[in-house]
Amino acid sequence: MQRIGVFVCHCGSNIAATVDVKKVAEMARLEPGVVFADDYQYMCSEAGQAKIGAAIKEYNLTGLVVCSCSPRMHEATFRKCAERYGLNPYMVEIANIREHCSWIHKDMEEATQKAVILARAAIAKVNLNAPLQAGESRVTKRALVIGGGIAGIQTALDIADAGYEVDIVEKTPSIGGRMSQLDKTFPTLDCSACILTPKMVDAAGHEKIKIYTYSEVEKVSGFVGDFTVDIRKKARSVDEAKCTGCGVCQEKCPSKKTPSEFNRGLNNRSAIYTPFAQAIPNVPVIDREACIKFKTGKCGVCEKVCQAGAINYAQEDEIITEKYGAIVVATGFDTIKLDKYDEYAYSQSKDVITSLELERIMNAAGPTKGHLERLSDGKAPKEIVFVQCVGSRCSDERGKPYCSKICCMYTAKHAMLIRDKYPDVNVTVFYIDVRTPGKNFDEFYRRAVEEYGVNYIKGQVGKVAPQPDGSLLVQGSDLIDNKQIKIKADMVVLATAIEPNQGVRNIATMLTASIDTNNFLTEAHPKLRPVESPTAGVFLSGVCQGPKDIPETVSQAGAAAVKVIGLLAKDKLTTNPCTAQADELLCNGCSNCAKVCPYGAITYETRQVNDHGIREDRRIAVVNKALCQGCGACTVTCPSGAMDLQGFSNRQLIAEVDAICR
Amino acid sequence: MIFSYYPGCTLRNKAKDLDAYARASAEALGFTLQELDNWQCCGGVYPLGTDEIASKLSSVRALAEAKDKGQDLVTLCSACHHVLKRVNDDMTNVEDIRTRANNYMKLAEPYAGETKVLHFLEVLRDVVGFDTLKEKVVNPLTGQKIAAYYGCLLLRPGKIMALDDPENPKLLEDFIRALGAEPVVYPYRNECCGGYISLKEPDMAKNMCNTINESAKGFGAECFITACPLCRYNLNKTEQGLPVYYFTELLAEALGVKEGAL
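In order, the protein sequences belong to chains Y and B.
When the first sequence is numbered by our numbering, its final residue is 788 and no position is left out of the sequence of numbers.
When the second sequence is numbered by our numbering, its final residue is 263 and no position is left out of the sequence of numbers.
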């Protein structure tokens with residue numbers, strides 16, 4: 127029989143205002159096994175924990191029930207407390223009488239009754255608890271960063287500077303990501319390339335960093351501290367060791383009709399290409415879909431002109447298998463497709479462009495060499511309209527429900543840059559709200575309005591109508607003047623919503639990292655663990671977790687790196703002892719548990735079993751304790767009841783239900 | 002192939018041509034429009050009062066009759082099509098309306114949205130097919146520059162009408178191409194003509210139609226085609242307006258069945 131102590135927390139007035147805590151303690155004393163019950167204002171405080179310690183000693187307690195907040199909040203606190211006073215930490219149960227009770231009920235009598243029942247259930251469970259011992263696993267001191275944008279680069283640099291090996295896997299031919307496509311950055315208007323390129327060079331030259339470009343993660347197995355990853359290094363058709371990056375092959379390549387991904391399809395590139403001049407590595411790839419040699423077998427111009435003999439048409443994809451202790455996802459974003467927003471005439475007019483396309487137009491290395499011009503006729507625009515929130519903050523399924531966060535600031539930046547360089551151009555911005563929290567952000571926006579005379583109109587655009595003369599008639603509402611207005615514009619720029627990059631869902635599945643309805647990766651706790659995924663050993667950096675600008679991305683990248691360093695600094699990891707195990711006498715080897723296990727933790731082995739004196743070979747489920755996360759899916763699936771979860775055994779759960787229904 | 006057919010009141014008086022050319026064209030294309038025995042006015046505009054049942058009953062009656070015959074229900078007038086599709090959507094998805102309507106109707110078997118409502122244009126596109134239509138054209142309208150005018154009732158609400166992209170439709174343009182003519186794409190083809198506001202504030206409707214007319218003209222159109230009698234009425238009021246035809250008239254002409262159809 128256990129000797130159980132019950133500790134009821136007031137949580138200030140959080141619990142005590144709705145639950146009669148004294149009554150809960152009083153009722154708990156009547157439960158079987160309970161030898162002590164008391165209440166206190168803050169159980170988690172030092173004084174509260176000392177109270178628990180004293181009771182353990184005085185009453186010789188073997189189990190604890192703490193009636194307090196969610197176990198997600200303080201289970202670890204009370205387990206540590208128990209351990210300090212000589213109890214096995216797994217002899218502690220939490221009855222959540224705050225989130226599950228006081229916070230959601232108003233009536234004191236009802237809430238108290240519910241709290242009593244929750245306490246009763248926890249007591250019933252502790253009566254069946256057994257001490258558990260946590261195991262250990264090793265840590266591979268190497269990290270993988272998926273994505274080579276500013277988020278991935280910064281994370282990798284920070285980890286590498288701490289002395290650990292890092293590999294970056296980037297699917298495009300160069301690192302640099304979205305930031306390399308930007309012209310200027312807010313709120314200081316410094317050139318994006320000027321601040322990014324040195325970081326790219328640092329990463330490439332760092333002795334601890336290895337960069338796999340034109341590569342993708344193909345398979346992930348293992349667990350925190352000991353992941354095994356297959357990386358597919360796609361065939362570049364160019365030998366990286368031999369190529370000098372002279373660029374002659376790109377000049378001479380006769381196939382020049384492929385839309386440039388880097389310039390958002392605004393101009394074309396050759397079949398053998400580096401995405402941009404400062405690409406790292408400065409080694410081109412052959413796009414085999416576009417290459418004449420690959421399509422027809424004839425051509426071979428690049429091979430002929432290459433002085434270094436680097437062209438290799440026979441190169442094949444290579445699979446690299448590597449072990450890692452931690453994985454950082456930094457897969458970034460793209461803008462949404464605008465096919466559901468035809469009212470803005472994006473598909474009908476070349477002069478309706480996205481903000482990212484404008485970024486390329488404004489860039490000196492872009493398709494117009496930095497000249498602001500209409501893509502339809504090359505004329506200089508005199509009237510430009512910006513439309514904010516295209517696809518963001520959208521209540522129907524056409525767009526995204528969230529705010530993309532960066533658009534208010536980059537639109538102010540674009541408007542300001544245009545007014546600065548072309549003072550004769552009128553600039554109008556349609557907005558729902560202007561959202562500029564951030565250091566020096568609102569000042570920046572005010573400058574656009576007050577110093578640069580950008581015309582901000584609160585209201586949405588309903589239609590962009592291309593006119594026979596090539597202009598664009600923008601119809602919108604001015605909500606402050608309560609007027610319908612029409613502006614004859616030469617160019618319309620759409621602040622298009624951003625979404626996580628295509629492919630992140632696939633990566634999340636490989637990592638068993640959870641993802642939300644908008645394909646953003648979920649953090650372990652929205653406030654307190656914002657850079658960790660709920661899957662141990664997987665960390666998040668940049669927009670893959672939620673919309674952010676460059677300063678925020680860099681901060682998060684550093685934070686993710688710190689978490690990785692903290693993990694890699696350990697030689698061994700403590701494993702969760704609440705894992706499943708099969709009763710070999712009950713297991714019939716049906717494989718159902720292996721099918722539902724999301725972590726691939728269950729395998730089978732043939733073992734000799736002594737079933738009441740009869741010895742026979744049976745196929746038995748075996749759980750890898752290091753892989754098992756204790757989710758319990760196997761225990762509910764097992765038809766013979768052979769699978770049981772330590773710390774959450776079937777008997778314990780039934781006892782809880784019985785206690786609730788009593 | 003036989004379809005149940007709901008003509009609607011306007012096609013019995015002001016828009017007899019919309020109806021007659023459609024029937025003649027249907028026969029030429031190998032299907033028949035079989036008029037419902039007991040159809041009544043649809044109410045003209047979708048009865049927006051969600052708590053009003055009586056105004057939805059005539060549509061339910063028509064829908065249930067088509068269900069009894071086991072036929073899809075075809076309409077021509079944009080407004081009737083709009084009302085029938087929306088009431089049918091209510092009967093499928095809104096439990097309260099379905100229950101109350103069925104309580105009134107006292108049908109042998111309750112109606113729950115089983116009938117498929119099709120606009121005549123959907124039959125052309127999805128059943129006949131524009132490629133087949135093109136083959137059956139005997140007098141191609143070569144060289145004619147035609148502006149399709151959709152209006153709003155045909156396309157919106159997009160999810161319920163499910164006819165085409167309400168912001169950038171192409172159904173009528175494909176139809177025009179099938180007849181051998183050249184479609185003129187202009188941005189106001191899915192804007193409202195003013196509808197019934199033309200009775201109360203004629204100037205407002207006129208303004209709206211002028212914008213549509215000027216835009217189509219600017220892009221080089223020679224005439225409009227439409228499926229809606231009210232749109233045609235409003236567009237005809239504009240000054241120096243382009244001629245407005247029902248799409249069925251041009252269809253009958255191209256198929257060579259216009260003569261004697263009326």
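Calculated from the structure, these hints are not laboratory results.
Heads up, a few of these hints could be off.
[What the hints assert, rightly or not] Estimated spans, in silico, between C-beta atoms of each pair:
no., chain 1, residue 1, chain 2, residue 2, range
1, B, D166, Y, G579, 53 to 63 Å
2, B, E96, Y, D460, 36 to 46 Å
3, Y, I418, B, G130, 48 to 58 Å
4, Y, C372, B, E136, 33 to 43 Å
5, Y, P724, B, T133, 27 to 37 Å
6, Y, G596, B, G144, 21 to 31 Å
7, B, G130, Y, G596, 55 to 65 Å
8, B, D97, Y, D460, 35 to 45 Å
9, Y, G596, B, D166, 19 to 29 Å
All values derive from a computational prediction rather than experimental measurement.
Note that beta-carbon positions come from the ideal geometry of N, C-alpha and C, so glycine has one too.
So, going through the hints one by one against the coordinates:
no., hint, in the structure
1, D166(B) <-> G579(Y): 53 to 63 Å, "violated (38 Å)"
2, E96(B) <-> D460(Y): 36 to 46 Å, "holds (41 Å)"
3, I418(Y) <-> G130(B): 48 to 58 Å, "violated (38 Å)"
4, C372(Y) <-> E136(B): 33 to 43 Å, "violated (58 Å)"
5, P724(Y) <-> T133(B): 27 to 37 Å, "violated (51 Å)"
6, G596(Y) <-> G144(B): 21 to 31 Å, "holds (25 Å)"
7, G130(B) <-> G596(Y): 55 to 65 Å, "violated (36 Å)"
8, D97(B) <-> D460(Y): 35 to 45 Å, "holds (43 Å)"
9, G596(Y) <-> D166(B): 19 to 29 Å, "holds (24 Å)"
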